[in-house]
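**Student:** Protein sequences appear in the order of chains A and B. Using the working numbering, you'd call the opening residue of the first sequence number 1 and step up by one each time. Using the working numbering, you'd call the opening residue of the second sequence number 251 and step up by one each time.
Any given hint could turn out to be false.
For lysine to aspartate or glutamate, the following DMTMM-like pairs were computed, each having C-alpha atoms within a straight-line distance of at most 20 Å [stated by the list, open to error]: (1) B:K450 <-> B:E395; (2) A:K239 <-> B:E470; (3) A:K239 <-> B:D267; (4) A:K234 <-> B:D267; (5) B:K375 <-> B:E297.
Partial list, derived from the structure: chain A residues whose beta carbon lies under 7 Å from chain B [to be verified]: (6) E69; (7) Y72; (8) L177; (9) A230; (10) T235; (11) P236; (12) H238; (13) T246.
Quick caveat, the hints were computed from the structure, so don't treat them as lab data. Beta carbons: idealized from backbone N, C-alpha and C, even for Gly.
Chain by chain, the residues run as shown.
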Amino acid sequence: MKIEVKELSAWYGSHQVLRSVSMGVRENMITAIIGPSGCGKTTLLRCLNRMHELVDGARVEGEVLLDGENIYDPSVDPVEVRRRIGMVFQKPNPFPHMSIFDNVAIGLKLAGVRDKRKLREVVEDCLKKAALWDEVKDKLDQPGGRLSGGQQQRLCIARALATSPEVLLFDEPTSALDPISAMRIENLMLSLKREYTIVIVTHNIQQAARVSDYTAFLYRGVLVEYGETAVMFKTPRHKLTEEYLTGRFG
Amino acid sequence: MGDKTKSRGFVRRVALDRGLNKVKEMVLELSGIAKEAVRLSIEALKEKSREKIEKVYELEKRSDVLNMDIEDECLTLAALQQPVARDLRFIASMMRISNNYERICDLAQKIAYIAEKTIDKPLLKPLIDVPRMGKLVIEMLEINEESIRTGDTSMLEMELKARDDEIDLLYSQTYNELVGYMVRIPHRIDDAIDLLFVAKHLERMGDLVAKSAARLVYIEEGRRVWIK
Chain A
1 MKIEVKELSA
11 WYGSHQVLRS
21 VSMGVRENMI
31 TAIIGPSGCG
41 KTTLLRCLNR
51 MHELVDGARV
61 EGEVLLDGEN
71 IYDPSVDPVE
81 VRRRIGMVFQ
91 KPNPFPHMSI
101 FDNVAIGLKL
111 AGVRDKRKLR
121 EVVEDCLKKA
131 ALWDEVKDKL
141 DQPGGRLSGG
151 QQQRLCIARA
161 LATSPEVLLF
171 DEPTSALDPI
181 SAMRIENLML
191 SLKREYTIVI
201 VTHNIQQAAR
211 VSDYTAFLYR
221 GVLVEYGETA
231 VMFKTPRHKL
241 TEEYLTGRFG
Chain B
251 MGDKTKSRGF
261 VRRVALDRGL
271 NKVKEMVLEL
281 SGIAKEAVRL
291 SIEALKEKSR
301 EKIEKVYELE
311 KRSDVLNMDI
321 EDECLTLAAL
331 QQPVARDLRF
341 IASMMRISNN
351 YERICDLAQK
361 IAYIAEKTID
371 KPLLKPLIDV
381 PRMGKLVIEM
391 LEINEESIRT
401 GDTSMLEMEL
411 KARDDEIDLL
421 YSQTYNELVG
431 YMVRIPHRID
441 DAIDLLFVAK
451 HLERMGDLVA
461 KSAARLVYIE
471 EGRRVWIK
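In isolation and in its complexed conformation, chain B is listed as follows (with noise of 0.2 Å):
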């Protein structure tokens, strides 16, 4: 029936498309809220700065009430347009990406208290490991925002499974290390503990992240997948 769709009039959905538009410009803006969060949590940690401690309590903040924002936004769309078919499942799924990443903003917010709590310690050993974790969460953060804003999901899965797995491997190689340490100073013990803490915040931002792609695969393709 190709030739006979040709001349079907095609209607511009002014309200619903404005509506779809501004949430998904809000979801760019958590994300590059959570991205500027992990940078800085470990930067803190790493430099034993107040100023990027301080800077990423305010961005938690500010994930918050843009997380609720973008769901109200949601809510309003669903009440008041009646979306179904990729509209339906764009507007559920941003509105779990954007709790996602709310929750990557608390997590990034938990290394900075104990980037607080250990401010006048020396570090248990150079930071290596964890800044490579946070390096691939926010390429992960990216690799996803890319497909927000084009609608292409089709590397998705192979881009953030390579890093999800590396970030995998990472901690169990972190963890490992830890362990060490705690056998070798055991009056440190509770320095490692904190830095075993950082390490698992940072592969479950890596879980979490993942997940959204999964959405983002689930909005374009309608398939559910699990990228793990």
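For reference, chain A alone in the conformation it holds in the complex (with noise of 0.2 Å):
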């Protein structure tokens, strides 16, 4: 397991949105929370590379290992968590008056690295893996806000692998984006489990079933049902998620 969950709750306030969830996240590996809203799963999703605590009065109980270490742990620097687990939004959230070497190279520079040869190399990698490359190689000084909206959601794909993290977080990536762009970045998150554990948030669930090797389904803050995705979407185990599937609540 990349990622262990165990026994994790969550609060904003009083109100309490994850309900002791445990569950382990396999390496190289794509898993789907999927779920209808306000069930929690965006909130799981943010608990992994502890954004969750970022909201005023937020709250986390419980551990979530990252390779058998507890990321809550005091001794950790969230930071360096978010470093190793990155993330992507719903909403392409480039810096739109930057350029488009910027927006990549921007986490790198931030963290010291002034080496302009190491900087093109790492960008270069970076959009190629995020399959933006041969789109955007000659006009890499445009500002990032000028390209289309599947473009500038690689553009952030390409931005949170520049800092080497070992785990990306997607959520809703596609939700944004016509179909085709949609189908891209499925594409791009298929290409990048070689290389990397993802765990995707998704809406839509036949997303899930196209892309994910593991599902997660969460109900109103519980983790109901977990399991093979191959699995899950022929025979679900429980009711509820039989009915959350076949589109008879959502």
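With the hints as a guide, dock the two chains, each given alone in a separate frame, to form the complex.
**Tutor:** Put into structure tokens, the structure is as follows:
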């Protein structure tokens, strides 16, 4: 297991959104988290790289082990956690006036890397991994905000890759994109899993079926069912999962 | 989490439900055709009725078309509605069941061929076990129909197995009896072989209905069973 979630509960103020969730995230696999609106799936994702606690009044109990080490241990630096576990958001959020090159290089520059050759190498490598290089290699100095929505999302993926993370978290990465751009991101996730462990939150259960190896179904903060995607989509064990997957509620 | 699940709002899935229901009705219709074809093929053999032979040929043609339509309907649902879980098992299994039932109509047609071929000859022996086998096949189809209608598969394995076993027993009985005829009346070996084929076709029909019942268990319970 790359990540082990142990009896994780989370609150916003007095409102409990996760209830003792335990699950393992396998290395170099894509794990999808699905469930109806408000079930806690985004909160669970944000707990995996300590972003939940950035919200005022938010609180977490339980453990999240990354390679066996609890990321909530007081000795752990949350910034380092977020470097090792990168995140891509629902709405592409490149720095719109910053060049394409700098959008990718920003993380390294902030970390103090000044070597221009090194920066260029990393930017090219990340844009290639994000399947964007061929489309932008001749306009790296143009602002990131001029790219299309799908390209901006791939730029954000390249930016997330630049700090050499081990895990990538995707929070509904294609919900703001057209179907072709969405398919590109799905294909990209499938190629990235060779090097990275991926967790995706999605509202689109067909997307979960297409890309993920394992699926977790959350309902009202409780992990109802977790297992191999192919098994869950053919023969879900729990009646609630069946009802959600077949569109009877949601 | 029982109390929490009560408030969730159920959504009616109009297009998918309508499609699934249509497939169900079509498979029930095909089952009706198969029952009729089995019954008429045996009556044609027994009564040497040209009219019934023709009727079986006609039913077989209808079963081909209906089987194709069921497949089309299932493929459309799979392509447009992205079925999962029970819906997916239903669609995949109904395609198999439809094929099995169409195959039963083929076998009934083969029995009708034999009836046609031997129409001017007297029967080798009075037909007793063969009609019993046919009756059992029809009963098995009816049990499956009930389960398709209600979704209740609790007794299916037991009910089908008992009848399939009986068909197998009748088949071995018929086999032994016909071998006896072949030895005693060698000049009518061809008639004995034809009748043996009839029994074999009926035994195969029993297998096909039992296989279909196993798919019904898979649809409702997600469980793979082997009814034999």
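**Student:** Now tell me if each hint is right for this structure.
**Tutor:** Here is what the structure says about each hint:
no., hint, verdict
1, B:K450 <-> B:E395, "24 Å, violated"
2, A:K239 <-> B:E470, "12 Å, holds"
3, A:K239 <-> B:D267, "18 Å, holds"
4, A:K234 <-> B:D267, "18 Å, holds"
5, B:K375 <-> B:E297, "13 Å, holds"
6, E69, "32 Å, violated"
7, Y72, "26 Å, violated"
8, L177, "19 Å, violated"
9, A230, "11 Å, violated"
10, T235, "4 Å, holds"
11, P236, "5 Å, holds"
12, H238, "10 Å, violated"
13, T246, "5 Å, holds"
Consistency note: the structure conflicts with the earlier hints numbered 1, 6, 7, 8, 9, 12.
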